[in-house]
Every structure is written in C-alpha cells, then in structure tokens.
Amino acid sequence: MDDQGVVLFYAVHFVFKLEKALRARGVSSKPIPTPRHLSSDCGTALRFPWEHRREVEAAIAELDLEIEGIHHLVD
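So the sequence shown is numbered by the working numbering: it starts at 1 and just counts up by one.
Treat the hints with caution; some may be incorrect.
Unchecked claim - What follows is a list of derived Cβ distance ranges for each label pair:
#1 Leu38 - Asp2: 27 to 33 Å
#2 Arg36 - Asp64: 25 to 31 Å
#3 His37 - Asp64: 24 to 30 Å
#4 Arg36 - Glu62: 17 to 23 Å
Hints listed in this document are in silico derivations from the structure and should not be mistaken for laboratory results. For glycine and all other residues, C-beta sits at the position ideal for the given N, C-alpha and C.
Let's have the full structure, built from the sequences with the hints guiding it.
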C-alpha cells in the first residue's frame, strides 16, 4: 500500500458527498470501514492517496463538511 490518507466522519452521508466532490476533481477515493484504532463513531471512512491531501482539505472546506479528522496511514 502506498501512503494513504483516511477521512473520518460523524455521519455516513458526508462520506459519499466528499467522494463525489473528489471524483469531480480527478482525485481517487474509496469508502472503507473505519479503522477501529482511529475511531468508533461512524462506521465508514474515505481513503485517498496522501499526495492529494490538499485537494481533500479544500473539498472539505468548500462543502463545509464536519469531519472527525484526517489521518495519514503508512505501511
């Protein structure tokens, strides 16, 4: 696995809203089960290539999404 990021959410509908916005920006992302070592809230998170972190942060701000956090996952 390359360096990946994961966005944690408070509600699952935000996952799909951000996924759609990232797709429009040409950034790949994938809904995944939330890693339990990161959170026990919403059961779905969004994984993305870490190199696109700035685009992800910009999309979150533009959509005014409430997120739990963004985490860097490494091998």
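Structure-based check of each hint:
Leucine 38 and aspartate 2 have their C-beta atoms about 19 Å apart, which leaves the hinted 27 to 33 Å range violated. Remark: the range hint 25 to 31 Å for arginine 36 to aspartate 64 is upheld by a beta-carbon distance near 28 Å. Checked against the given bound of 24 to 30 Å, the beta carbons of histidine 37 and aspartate 64, roughly 28 Å apart, stay inside it. Distance hint check: the CB atoms of arginine 36 and glutamate 62 are about 30 Å apart, inconsistent with the given range 17 to 23 Å.
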